[in-house]
Each structure stands twice: as C-alpha cells, then as structure tokens.
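Enquirer: Here are the chains, one letter per residue:
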Amino acid sequence: MSALLELQNVSVAIGSAQLLDGVSLKLERGQTLGLVGESGSGKSLTAMAAMGLLPLIGGRVSAGSVRFDGQDLASLTDPQRRALRGRRIGFVTQNPMTALDPVQRIGAQIDVVSRLHLGLTKQAARARTLDLLTQLRIPEAAAVTEAWPHQLSGGMKQRIVIAMALAGDPELIVADEPTTALDVTVQAQIIQILAALVREKGVALLLITHDMGVVAQICDRVAVLYAGRLAEEGAVAPIFSAPQHPYTKALITCIPQEGMARGTLRGIPGAVPSARQYPSGCRFHPRCAKATAECAQQTPPLIPRGDGQAACLHLPEPAQ
Amino acid sequence: MTAPMLQIEALTKRFQTGGGFLKRPRAMLAVRDVSLTIAKGEVVGVVGESGCGKSTLARLVLRLLEPTSGRVLMDGTDLTHLHPSALRAARKRMAMVFQDPYSSLDPRFSVTDVLTEPFTVQRRPLPPGQIAEMLTAVGLPPEMATSHPHQLSGGQRQRVGIARALALRPEFVVLDEPTASLDVSIQAQIIDLLAGLRDQMGLTYLFISHDLGLVRYFCDRIVVMYLGAVVEVLPTAHAKPRHPYTRALIDSGFAPDPTRRRAIAPLSGEIPSPFDLPPGCAFAGRCPRASDRCRTERPVLDATTHPTACFHPL
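Protein sequence lines correspond, in order, to chains P and R. Per the numbering used here, the very first residue in the first sequence carries number 1; after that it's consecutive. Per the numbering used here, the very first residue in the second sequence carries number 1; after that it's consecutive.
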C-alpha cells in the first residue's frame with residue numbers, strides 16, 4: 001500500500017526565488033512525522049505544498065510531485081483539491097487567535113465543516129460538533145458552541161481549531177507549530193491531544209515544530225530541514241541517539257537540559273541565510289564546525305543511513 | 001553572604017481597567033506582595049506563565065511602572081520614592097534588555113544612534129572608540145555600526161539591545177525574556193553571551209522567562225510566580241520543587257530524549273482570570289493536591305530556606 005502522503009523531490013518557487021529544493025517525505029497512516037528546522041528553513045512551505053495551498057501565497061511546485069493517497073495533487077482540479085482539504089486533510093494553524101472568525105459563534109464555525117464536507121444536516125452537524133468538543137475535553141461543550149471567539153482563552157481556541165480540523169473526519173492532520181502561541185502547561189495539553197488522535201483514531205500527523213523536545217516525545221519519524229533542503233530524515237530514536245548530520249546534532253544540543261552545567265549550552269553560530277543568498281555547496285557549511293573547503297563547493301547528496309537518509313559530505317561511517 | 005544589591009519589599013501593583021459611562025472599572029492585582037533579595041553577582045530567575053506578573057515585576061523593579069505599595073531598595077537607597085533627577089542618576093547603575101528585539105529598537109536609528117542614546121540621556125560624553133568596543137563585546141563586527149535594525153537578524157538585534165543595556169556599565173540588569181522571540185539555536189548563543197558578560201563585568205541579573213528549563217540552566221536561584229504572587233523560591237537551580245505548580249511546569253517540558261518518553265498528565269484547566277481570583281490558593285482549581293482549605297484560605301510563603309506557599313507541599 002502506498003504512503004498516505006508522499007513528497008517526491010519537491011521544489012517550491014515563489015517568483016524567481018527557489019525556496020525549497022528537492023524535498024522528499026513519506027507519511028503513513030497512524031504515524032507522526034515531525035518537520036523541524038529554524039525559522040526560514042522551509043517547514044511551513046513544505047506543509048503548504050503538502051496541502052496544495054501554495055497558490056495562496058503566490059508559490060508553485062516547480063519540480064517533483066506531491067501525492068496524497070497515491071493521487072498526484074497537480075493532476076487534480078481546484079474543486080477536487082478543495083474537496084480534499086477539510087475533508088481528508090485537516091489543518092491546525094500556528095496562531096489560534098487569528099484562525100477563528102471573530103464575528104461568528106464557535107459552534108457555527110465548526111458545524112460548517114461537517115455540513116460542507118460530510119453533507120450533514122444542521123442538527124446532525126451540531127451533534128457532531130458537541131461530540132468532538134467533548135472528545136477534546138472541553139468542559140460545558142454546549143455553552144462553548146454559543147460563545148464568541150474573544151470569550152475563549154488561547155488554549156481553548158486552539159482546541160476549537162483542532163475540532164474544526166477533525167470535523168471532516170480527516171485521515172491526515174497538518175499542524176503548523178500548533179503550540180507556539182500558548183503557555184507552557186497548555187502546550188503540554190495540546191500536544192497530548194494531538195498524540196492521542198494518532199493513537200486512537202489512526203490519523204497521520206504532520207507536525208511542524210521548532211521544538212526537538214516535542215519531536216522526541218511524540219513523533220515516529222523526523223525530517224530536518226535547513227535552508228530549503230532536507231538535511232536528515234529518519235526514525236526518531238536513532239536520530240536522537242546518533243544524529244548523522246551536524247545540523248541535527250546542533251539542534252538537539254542547543255536545548256537546555258536537566259542537569260546540564262552552566263556554560264555547556266552551545267548555540268549554532270550565525271543565522272539561517274535568506275533564500276536569495278544561499279551559500280554554495282552545502283548550505284550549512286558557513287555555520288558548521290565540521291566544514292571543509294570541499295563543503296563550500298560540492299552539494300552533498302542524500303545518502304541512506306539506517307532506515308533514513310542524510311545529506312552531508314562528512315557523515316560518520318555507517319554502524320555495522 | 002554578600003550584601004544585597006537589590007531588596008524588593010512587599011511590592012504590589014494594582015491595575016484598573018475599563019470604567020466609563022455606566023460601566024464600573026475592574027481592578028486586578030498584577031503583582032501582590034512580592035519580596036525578594038538579590039545579592040551582588042547573583043542570577044535570579046523569575047518564571048511563570050503569561051499573566052503571572054513577571055514582566056510587571058521587572059518594570060516595577062526599575063521603576064518603569066510606579067508601584068501601588070511596597071519598596072525597591074538598591075544598595076539601601078529607596079528607588080520608589082526618589083525624585084526624578086535622583087532617579088535618573090540611579091538608573092546609570094541599572095538597565096533592561098527587552099523581550100522583542102523587533103520593537104525595542106527604533107527603526108529609524110542606526111546601530112550607532114541606538115548605542116549613543118544612553119550617553120545622551122545621561123548627559124555623558126561618548127568615549128572615542130566606544131561604539132566599536134561595545135559591538136565587539138557582544139560579538140558583532142564594528143562595521144555594523146552604520147546598519148539599521150531592518151538589516152539585522154533577530155539574534156543580531158538582540159545583541160544590539162544587550163550592547164545598549166550595557167553601554168553605561170550598569171551593575172544590575174533586568175533581562176525580560178531576552179530570547180523568547182528567537183530560535184533555540186540563537187537563544188543558546190545569546191544565553192552564552194549573557195553568561196560571559198556577567199563574568200567579565202561582574203553583573204547581577206534578574207532573568208524573566210516562561211521557560212523553566214532555560215531558567216534552571218542559567219540561574220542561581222529561581223522565583224516561581226503564579227497569578228501575581230510568588231508560590232515558591234527554589235534555593236538552587238536543581239532543587240527539587242515543593243510546590244505542585246512548579247512540579248507541573250517541570251512536567252510540561254518535553255525532554256529531547258525519545259528513550260525517556262513519558263505519559264505526561266498535563267494540568268487540567270487554564271490560568272483563571274486575574275480579575276476574579278478565587279478566594280484561597282490561586283492554583284487550587286488546577287491542583288491535584290488541593291483540599292477544602294486551599295479553596296478558602298490563601299497560603300503564604302513559609303519561612304524556610306526553600307520558601308513555598310502551599311498547604312500540601314511535595
């Protein structure tokens with residue numbers, strides 16, 4: 001059986017700027033794939049490409065293909081793609097504060113998804129909405145459906161956005177930094193909710209995050225992006241125990257951890273380059289401790305490692 | 001024990017909002033009855049979620065806000081009742097690094113303008129070569145002096161913010177979430193820089209953050225706030241928490257280690273509105289250990305070496 005979502009060598013361009021360069025990903029049903037990297041590495045663009053939303057920001061897939069359940073998104077018509085989003089692909093945005101319509105009551109905003117995509121009647125849609133809110137452990141669900149967005153807290157709004165994403169009974173949920181705007185204790189609640197959906201409903205989750213901690217806790221696989229290219233991709237456990245790419249390693253070690261002595265935290269020098277000034281060769285070389293003269297000239301290919309792959313000229317020898 | 005650099009005594013700030021025709025104003029206590037002593041050379045962390053009063057506390061300490069009651073003493077001088085001209089003189093010794101490097105630098109100022117302003121305000125001559133020296137100290141190339149904020153990355157902007165704070169060689173610096181809007185990779189750079197500058201210049205820091213992991217890495221002592229009040233003071237960065245809220249904050253962090261996966265039992269509920277605080281312990285509604293007493297009586301910090309405001313500490 002083919003993967004639910006598959007990106008093959010996808011490049012994305014906006015105007016003349018090539019922002020994403022040959023990204024390949026696979027996501028199976030019931031799996032969580034973490035997409036990580038610093039701001040500006042192309043995480044959100046990859047998600048937009050996966051949902052066929054690039055035209056919205058004036059972008060296009062300039063090479064490669066995006067397949068959902070075996071179907072090439074490029075071969076679909078606009079109405080067909082629209083029917084896919086909301087129905088089979090649910091989307092959870094980064095900022096719940098701006099994702100809801102401020103002049104519509106909460107219930108109506110969730111109802112419309114199942115009325116549109118599942119063809120439910122008004123009453124059936126409301127019953128489904130109440131059921132979803134209850135599953136997401138929202139207290140007094142009936143009262144919440146009558147509330148306006150401004151009356152709810154940030155964590156509650158994010159749960160509403162998740163309910164909207166679930167209303168069409170999707171097979172894939174794309175969540176773009178779903179907890180960035182939230183408080184620490186509420187972040188933990190939302191991440192738990194998303195992890196439970198994968199476990200209990202068997203949906204596939206594409207989770208965009210900059211937090212390697214979240215990846216370590218709930219993802220099955222992880223793809224590390226840097227400056228529009230895939231640096232490394234593979235199963236979570238080996239990537240954390242033996243990161244192959246120096247960038248992956250650096251991302252893990254810049255998180256302060258329990259028992260770490262002061263002065264041992266190391267950042268990554270410099271900053272992510274802008275798309276118009278990508279360095280030659282390996283794009284990470286100006287910030288990389290392992291870089292040699294070769295790295296500035298040669299673009300490293302993706303080399304299989306374990307069940308994943310990494311793109312670096314100085315990969316450690318494969319373990320026997 | 002070294003002499004205290006800063007003494008905060010029963011500091012309280014009440015904000016009033018709303019009010020108007022036929023509408024009664026509502027009041028909230030953003031900071032209530034906070035006392036804290038900071039020794040010279042110490043790094044004290046203040047941690048809590050949004051609305052816990054940590055940024056208000058930071059602003060009260062530097063008297064960017066006027067307290068409703070309570071005092072702040074620096075080396076024995078009461079800052080809260082200083083005359084404006086005396087306050088300006090006292091401000092040479094303290095500085096602040098702001099949370100958002102995108103809005104805390106004037107977009108029309110060049111880096112040189114930004115770094116010259118503290119000298120202008122304090123009517124001091126700018127020593128020759130000072131700008132280049134300051135930029136080098138925060139790890140920026142001296143050529144950047146002519147740049148404008150929009151030409152800099154977030155990390156570079158925050159370095160300029162730090163250089164500005166240190167321009168007059170202060171002794172005490174309030175760091176108000178200096179890395180909250182930066183990537184983790186850049187956050188680590190900035191923390192590294194702040195630690196180095198502290199050693200070189202003998203600085204005392206009050207470090208405000210919502211990230212307990214970061215605070216435990218960087219600070220000597222940690223103050224945990226919840227809804228305007230201090231609930232616990234951890235005497236060392238790695239002291240075991242006694243307050244259930246601190247425990248919950250630690251448990252809410254995700255360790256970057258897939259071999260230590262754990263089913264976190266996240267706190268239920270969210271922070272109540274500061275406008276209608278419950279009568280007892282503010283945390284009682286979300287606390288797994290709460291009893292009837294917690295809902296009616298407000299716990300105060302106990303007088304131990306590990307002060308905790310809880311009737312049922314861990």
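Possibly wrong hints are sitting among the right ones.
[As the list claims (entries may be wrong)] Output of the computed footprint for chain R on chain P, the stretches with three or more beta carbons under 8 Å from beta carbons of chain R:
1. 186-192
2. 293-306
[What the hints assert, rightly or not] Where chain R lies over chain P, by a calculated footprint (3+ residues, C-beta under 8 Å):
3. 174-181
4. 230-240
5. 243-255
[As the list claims (entries may be wrong)] Far from chain R by the CB rule (all over 12 Å, computed), these chain P residues:
6. Lys26
7. Gly37
8. Thr145
9. Gly154
10. Ala195
11. Gly263
12. His314
Keep in mind the hints are simulated off the structure, nothing from the lab. Cβ atoms here follow ideal geometry from the backbone N, Cα and C, with glycine treated the same way.
Enquirer: All hints are to be evaluated individually against the structure, with a verdict given for each.
Expert: Each hint tested on the structure:
For the region 186-192 of chain P, the stated coverage by chain R holds: 6 residues have a C-beta nearer than 8 Å to a C-beta of that chain, and at least 3 were required. Given a C-beta distance limit of less than 8 Å, the hint that chain R covers the region 293-306 of chain P is violated, as 0 residues qualify and 3 are needed. For a cut-off of 8 Å, the count of residues in the region 174-181 of chain P with a CB near a CB of chain R stands at 0, and the three-residue condition is violated. Residues of the region 230-240 of chain P lying with their CB closer than 8 Å to a CB of chain R number 3, which satisfies the three-residue condition for coverage.
Counting residues of the region 243-255 of chain P whose C-beta lies closer than 8 Å to any C-beta of chain R gives 5; at least three are required, and the coverage claim holds. Every CB of chain R is more than 12 Å from the CB of Lys26(P) (nearest about 19 Å), matching its label as outside the interface. The beta carbon of Gly37(P) sits about 9 Å from the closest Cβ of chain R, which is not more than 12 Å, so the claim that it is off the interface is violated. Even its closest Cβ contact with chain R, about 19 Å, leaves Thr145(P) beyond 12 Å, as expected for a residue assigned away from the interface.
Gly154(P), annotated as away from the interface, has a beta carbon of chain R within 12 Å; the closest lies near 8 Å. The Cβ of Ala195(P) does not lie farther than 12 Å from every Cβ of chain R; its closest approach is about 9 Å, which violates its non-interface assignment. Gly263(P), annotated as away from the interface, has a beta carbon of chain R within 12 Å; the closest lies near 6 Å. Separation of His314(P) from chain R is adequate, the least Cβ-Cβ distance of about 20 Å exceeding the 12 Å criterion.
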